[in-house]
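The sequence shown runs 9 to 185 under my numbering.
Just so you know, these hints were derived from the structure itself, not from any lab. We put the beta carbon where it would ideally sit given N, CA and C, even for glycine. Treat the hints with care, as some may be off.
[As the list claims (entries may be wrong)] Here are the computed lysine-lysine pairs in the BS3-like style, where the Cα-Cα straight-line distance is at most 25 Å:
| no. | residue 1 | residue 2 |
| --- | --- | --- |
| 1 | K112 | K139 |
| 2 | K98 | K139 |
| 3 | K11 | K70 |
| 4 | K98 | K112 |
| 5 | K112 | K11 |
| 6 | K139 | K11 |
[Stated by the list, open to error] Simulated DEER-style distance windows between Cβ atoms:
| no. | residue 1 | residue 2 | range |
| --- | --- | --- | --- |
| 7 | L25 | S174 | 14 to 24 Å |
| 8 | D143 | Y19 | 46 to 56 Å |
| 9 | D163 | R59 | 23 to 33 Å |
| 10 | N182 | G39 | 21 to 31 Å |
| 11 | N153 | E181 | 36 to 46 Å |
| 12 | A67 | E169 | 16 to 26 Å |
| 13 | K139 | P74 | 33 to 43 Å |
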Amino acid sequence: TTKAADLEAIYNSRRALGPVWVIAPAGLPGGRATAHWSPVDYARDADSAERMAEWMADAAQKHYDPRAEPWIAQARAILAGLLLAAHISKGGIRAFREWLALGKDAVDHVRAILEPDYPEVAMDYAQPWLKLHEDGAGSVQFTLNVVAAVYRNKDVRVVAERTDFSPEQLLDENGTV
Numbered sequence: 009t010t011k012a013a014d015l016e017a018i019y020n021s022r023r024a025l026g027p028v029w030v031i032a033p034a035g036l037p038g039g040r041a042t043a044h045w046s047p048v049d050y051a052r053d054a055d056s057a058e059r060m061a062e063w064m065a066d067a068a069q070k071h072y073d074p075r076a077e078p079w080i081a082q083a084r085a086i087l088a089g090l091l092l093a094a095h096i097s098k099g100g101i102r103a104f105r106e107w108l109a110l111g112k113d114a115v116d117h118v119r120a121i122l123e124p125d126y127p128e129v130a131m132d133y134a135q136p137w138l139k140l141h142e143d144g145a146g147s148v149q150f151t152l153n154v155v156a157a158v159y160r161n162k163d164v165r166v167v168a169e170r171t172d173f174s175p176e177q178l179l180d181e182n183g184t185v
């Protein structure tokens, strides 16, 4: 996060080293262009989907609570499956949001997308919904709802519809986000 007053100096300094992508759903002062980035685009395979899911689930906690860890772990498996299924189906952030909201009711559909190429991800995704008791499933859904809340904002959804740069491009070109 950068203060608006410092943005120009930091942007110019970083731009001398490589490309700069500023992700700012509310826009920037002076009308400077902003970049798009989607967690769905990042989730190109099982490993990247798991990484993104871990980051999202961890970010859903205001502070670490060891009692919440079992539900966070289950939410990570669900998020990884949803991210990868949204990527495979080309449904993007819209599909991801829809399946988050549907919760257990999306299991058959999402599992059908994942099973042909990612049977382990499909199993890990479905297991919490199919095996947890009702209270446990409710705790997992609560975590998913916290993640989904970010995407209720239209500006955030627009930014997350596509990605303007790849992780490889960021690293290869000495870029800054």
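Checklist entry - Taking the CB of A67 and the CB of E169, does the distance hold inside 16 to 26 Å? => result Taking Cβ atoms as reference, A67 and E169 lie about 20 Å apart, which means the hint holds.
Next on the checklist: Tell me if the straight-line CA distance from K98 to K112 falls inside 25 Å.
Outcome noted: 21 Å, holds
Checklist entry - Cβ-Cβ distance between N182 and G39: within 21 to 31 Å? => result For N182 and G39 the Cβ distance comes to about 26 Å; the hint holds.
Item to check | CB-CB spacing for R59 and D163 relative to the 23 to 33 Å hint | outcome: 25 Å, holds
Next on the checklist: Next pair to validate is K98 with K139; report whether the Cα-Cα distance is within 25 Å.
Outcome noted: 29 Å, violated
Item to check | Hint consistency between K112 and K11 [alpha-carbon to alpha-carbon, up to 25 Å] | outcome: Distance ~41 Å between K112 and K11 Cα, so the pair is violated.
Checklist entry - Is K139 close enough to K11, meaning Cα to Cα at most 25 Å? => result At roughly 46 Å apart (the allowed maximum being 25 Å), K11 and K139 break the hint.
Item to check | 33 to 43 Å as the expected CB spacing between P74 and K139, which holds or is violated | outcome: 22 Å, violated
Next on the checklist: 46 to 56 Å was suggested as the range; check whether the CB atoms of D143 and Y19 agree with it.
Outcome noted: At roughly 48 Å between Cβ atoms, Y19 and D143 fall inside 46 to 56 Å, so the hint holds.
Checklist entry - Can the suggested window of 14 to 24 Å be confirmed for the beta-carbon pair L25 and S174? => result Since L25 and S174 have Cβ atoms about 18 Å apart, the given range 14 to 24 Å holds.
Next on the checklist: Between the alpha carbons of K11 and K70, is the straight-line distance 25 Å or under?
Outcome noted: 23 Å, holds
Next on the checklist: Between the alpha carbons of K112 and K139, is the straight-line distance 25 Å or under?
Outcome noted: 11 Å, holds
Checked against the numbered hints listed earlier, the structure breaks hints 2, 5, 6 and 13; every other hint is satisfied.
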